[in-house]
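Peer 1: Each chain, letter by letter, is given below.
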Amino acid sequence: MANIFKTTLKNNFISIPFIIAAFAALFAGGFDVVFYIVDYDGYPFSDSRLMESHMPTYLAFLIAALPPLLTGREFVGGTIRNKLITGTTKTGFFISQLLVNSAITVIIAMLYFLPTFIFCTKYYDHFQPYMVFYAIVFILLGYLVITAISTVISVMSDRMIVSMVASLLLLFIFVFVDSWLGNSLSQPKYQEGFDQVYYEGGIEFESNEYDEEYQEYQGSQDEKYKDYNPYYVKSKAQRAFMQTARHLIPFEIIGNGTAMIEEQLVSMDMYRQSKKEAAKHADDYPVFQERVESLFWVPVYSISFIAVLTALGLFLFKRRNIK
Amino acid sequence: MNNVLETKNLSKKYHSSLALSNITMSVPQGSIYGLVGLNGAGKTTLMRVICGLQEPSSGSYELYGVKNSDRSIYKMRKRMGAVIEKPALYANMSAEANIRAQFDMLGLPNDKNAASELLELVGLLGTGSKKAGKFSLGMKQRLGIAVALAGYPDFLVLDEPINGLDPEGIVEIRELLLKLNKEKGITVLISSHILSELSLLATHYGFVNKGRIIKEISAQELEQAVRKCMIAEVSDIKALTMVLEKMNVTYEIISDSKAKIFEKLSVTLLSEKLSAKGCELLGLTEADESLESFFLDLVGGGVRNG
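Listed in order, the protein sequences are those of chains P and B. Read left to right, the first sequence gives residues 1 to 323 (my numbering). Read left to right, the second sequence gives residues 324 to 629 (my numbering).
So here's chain P without its partners, still in its complex pose (with noise of 0.2 angstroms):
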């Protein structure tokens, strides 16, 4: 297997696809830098635009993108036949195809971090490099998931552009479910006001419950509006559900790494706390509010979802006939 991994790797090394996608990262990884430094201009680093940055998640579309045009070459030119009528394994052909498609998708997502790591060590005084490591492990932790279910659909398939189609709608589903389920758990027990427009010298405010002025003038109104909202989701056991259905959504992860980065001295205080201190303190930071229970179990669940993956990719390739 070894061979058949080398071989790949470099083949794949000078294929197109690869390069392109490695020039990709780097821009986007610049184009980051580039807003940190029209930013940085007069403002605290911790205002980063890293916050805004969604380039993260740009980057899963095209890491999605790659194994159906790297792995997908073997089916397009037949070149899968030249390795398994020589003695390959198909589990051979699949664990090598995952491994060469994961070590791709580490080198493309350092060299989108490689410029803000650059930068961050450069201009920002209170850099913590452990903690944006650990940001950056979770956030590759997400692409490789998304690596393995590229990989799969790949081997799956003679058609790269079914593929291609394929693994993109699905990263377009999790980002919907993902979305879904984010809003589903953030939903408040109670409905805590209403949006009210109000005029003041012919200027429109729009205002809510949490404005001051407005708590002025509701005044008691308060509890009359305080009403159930039936959108909450009460059962226990369905939160925990959806909950690690969230987690188990590559976005997921790597929405949690991006906010590690985002708020990395925030993150650094809650992350040294315990599950109890970081609870108590997690009203000051909305971010970590609904996040801070589950960072460590990101890892444990993108290693089984990933093992998982390998496992059903092997099941059905192998009974897969190869044309």
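It is worth saying that the hints were derived from the structure and are not from the lab. Each hint should be verified, as a subset may be incorrect.
[Said to hold, decoys possible] The calculated lysine-lysine pairs, modelled on DSS-like cross-linking and capped at a C-alpha distance of 27 angstroms, are:
no., chain 1, residue 1, chain 2, residue 2
1, B, K401, P, K90
2, B, K409, P, K323
3, B, K505, B, K398
4, B, K331, P, K90
5, B, K551, B, K583
[To be verified] Pair ranges (Cβ atoms, derived):
no., chain 1, residue 1, chain 2, residue 2, range
6, B, R394, P, L99, 14 to 24 angstroms
7, B, S339, P, A2, 23 to 33 angstroms
8, B, H338, P, F133, 48 to 58 angstroms
9, B, R394, P, F13, 24 to 34 angstroms
[Said to hold, decoys possible] Output of the computed footprint for chain P on chain B, the stretches with three or more beta carbons under 8 angstroms from beta carbons of chain P:
no., segment
10, 394–403
11, 421–435
12, 557–568
Note that beta-carbon positions come from the ideal geometry of N, C-alpha and C, so glycine has one too.
Start from chain P and add chain B according to the hints.
Peer 2: Quick look at chain B alone, frame taken from chain P:
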């Protein structure tokens, strides 16, 4: 003679359709085994199964005496090379890079000279850095064979290797296969529906129809079966045999009144000699059974429409 490949009741089913049905055949070592069949007869499926690309639905096969269910079959596969359906190449690589990639994959020394030797063998030495994707079909076929030879196999499986080749290319591939067989002792399993071409190569034949092997025959036996002859119909077959024996002519009795005569002879002379023995020559017709008509007879004649 040892067999490189032996199949026993090999069957392959795709959902409800049976692509191979109880195929039992053997490919002797050192032979060029021609697999003959119409399009869709099951030749490619059979090759895919024996090359390990697909699992048989039932039955088994042995490669160099090792059963397909045995784990060591993978070691035996290292002694194989194959081009199935179309040449398997990296389109973005040159001919040499394709061969060297196969060397790497097989764990062999990535030797430029060895790659050049293979390219020379298939007549592609001068292609330089031209990408395989830009090659003509004939060049791709030849490169496919070169890649299949990269592991120095002693069993080569080729599925319709002369498809799409020009006459010159066909001759080159034929000469190459004969050279590999005679000089390097490589056993070849080759499928084709161009029977006239196959007849210039094959030492053994397997006729496939509707997923079944309908006849296995050696080249000598086939030659006997399709050689030109005259069919003589006489009133007394014993008299005919006596006359033919005296004339030292090769013949074959095919019924109580008919015999095949495989050599040219004077009709007048034959008639006179038969008359002298009181035997009447009722008819003399020329029979020219070609390989094609032999095959069509085997598969039931009117299988091919138009």
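Peer 1: What are the numbers of the hints the structure violates, in ascending order?
Peer 2: 7 and 12
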